[in-house]
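Okay, so the sequence shown: first residue is 2 according to this note's numbering, each after it adds one.
These are calculated hints, taken from the structure and not from any lab test. Hints may be right or wrong, so weigh each one.
[Stated by the list, open to error] Taking lysine to aspartate or glutamate and the EDC-like style, the derived pairs with C-alpha atoms no more than 20 angstroms apart in a straight line are:
#1 K70 / D112
#2 K106 / E127
#3 K128 / D112
#4 K56 / E82
#5 K79 / D59
#6 K56 / D112
#7 K70 / E31
#8 K56 / E23
#9 K40 / E127
#10 K70 / E125
#11 K40 / D59
#12 K56 / E31
#13 K106 / D136
#14 K138 / E127
#15 K79 / D136
#16 K106 / E125
#17 K86 / D59
#18 K108 / E125
#19 K79 / E31
#20 K70 / D94
#21 K56 / E33
#22 K40 / E23
Predicted, not measured: the structure shown is a model, and the values here were computed from it.
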Amino acid sequence: DIDKFIQKLDIKRNIAIIARTESLVRGYGEWETFLRLQKYDEAGADYVFPHSRTKPLDLPVNTSNRVKKMQYVIAPTKFPEYTTKQLYSMGYDMIIHANQTERVKIKAVRDMLSDLKKYDRMLEAEKHLCATLDDMKGLTPNE
Numbered sequence: 002d003i004d005k006f007i008q009k010l011d012i013k014r015n016i017a018i019i020a021r022t023e024s025l026v027r028g029y030g031e032w033e034t035f036l037r038l039q040k041y042d043e044a045g046a047d048y049v050f051p052h053s054r055t056k057p058l059d060l061p062v063n064t065s066n067r068v069k070k071m072q073y074v075i076a077p078t079k080f081p082e083y084t085t086k087q088l089y090s091m092g093y094d095m096i097i098h099a100n101q102t103e104r105v106k107i108k109a110v111r112d113m114l115s116d117l118k119k120y121d122r123m124l125e126a127e128k129h130l131c132a133t134l135d136d137m138k139g140l141t142p143n144e
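Work out the full structure: start from the sequences and follow the hints.
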């Protein structure tokens, strides 16, 4: 069906490509990182992601010589002391809090299972629940 195929093409247009480089993590340095980011940008990436485990990459302040400004992504997992406002003011365009919610869930599950094992019943483990069964209703749409 032609219309369905056109819908698929429209959906694809709404997908952003994020090109990530591990060059800082691998110790290749900032020069190599910027070279890679520029090549990824020229190849059509919508966003470039200089992954780092030590500190945010210092972004170039003057991008006026570029046809379009590169869109920078950061995942500040290893540097939680930076606020969202600080990261945006440093030139980042997208901030991804990559695994914080998963880490919260892991701790909560461990704590609840520990009490379940210790007391051998759900009564004491219930204190770890932050949602009721009624809260869970309607989380998924009926199709």
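The hints, checked one at a time:
1. Our distance criterion of 20 angstroms between C-alpha atoms is broken by K70 and D112, whose separation comes to about 46 angstroms.
2. In summary, the hint linking K106 to E127 is supported, as the alpha carbons are separated by about 15 angstroms, within the 20 angstroms threshold.
3. Restraint check for K128 and D112: satisfied, since their Cα atoms lie roughly 10 angstroms apart, inside the 20 angstroms limit.
4. Of the pairs offered as hints, the one joining K56 and E82 holds, with about 10 angstroms between alpha carbons and a cut-off of 20 angstroms not exceeded.
5. With a C-alpha separation of about 16 angstroms, the suggested pair K79 and D59 falls inside the 20 angstroms cut-off, and the hint holds.
6. A hinted pair counts as satisfied when its Cα atoms are at most 20 angstroms apart, and K56 with D112 does not qualify at roughly 32 angstroms.
7. For the given pair, K70 sits about 18 angstroms from E31 by alpha-carbon distance, which is consistent with the 20 angstroms threshold.
8. The suggested pairing of K56 with E23 holds, with an alpha-carbon distance near 13 angstroms, which does not exceed 20 angstroms.
9. Distance check on the hinted pair: K40 and E127 sit about 53 angstroms apart at the alpha-carbon level, beyond 20 angstroms; violated.
10. In summary, the hint linking K70 to E125 is not supported, as the alpha carbons are separated by about 55 angstroms, beyond the 20 angstroms threshold.
11. With a C-alpha separation of about 18 angstroms, the suggested pairing of K40 with D59 holds against the 20 angstroms cut-off.
12. The hinted pair formed by K56 and E31 meets the criterion: a straight-line CA distance of about 12 angstroms does not exceed 20 angstroms.
13. With a C-alpha separation of about 17 angstroms, the suggested pair K106 and D136 falls inside the 20 angstroms cut-off, and the hint holds.
14. Taking the CA atoms of K138 and E127, the gap is about 18 angstroms. The hint holds against a cut of 20 angstroms.
15. Using a Cα cut-off of 20 angstroms, the hinted pair K79 and D136 is violated, with the two alpha carbons roughly 33 angstroms apart.
16. As the CA atoms of K106 and E125 are separated by approximately 18 angstroms, the hinted pair is consistent with the 20 angstroms bound.
17. Of the pairs offered as hints, the one joining K86 and D59 holds, with about 15 angstroms between alpha carbons and a cut-off of 20 angstroms not exceeded.
18. For the proposed pair K108 and E125, the alpha carbon gap of about 17 angstroms is at most 20 angstroms, so the pair holds.
19. This hinted pair checks out: K79 and E31 have alpha carbons roughly 18 angstroms apart, not beyond 20 angstroms.
20. A distance of roughly 10 angstroms separates the Cα atoms of K70 and D94; the hinted pair therefore holds under the 20 angstroms criterion.
21. At roughly 16 angstroms between alpha-carbon atoms, K56 and E33 fall within 20 angstroms of each other, so this suggested pair holds.
22. Proposed proximity of K40 and E23 is supported: the alpha carbons are some 14 angstroms apart, at most 20 angstroms.
Hints 1, 6, 9, 10 and 15 from the earlier list are contradicted by this structure; the remaining hints agree with it.
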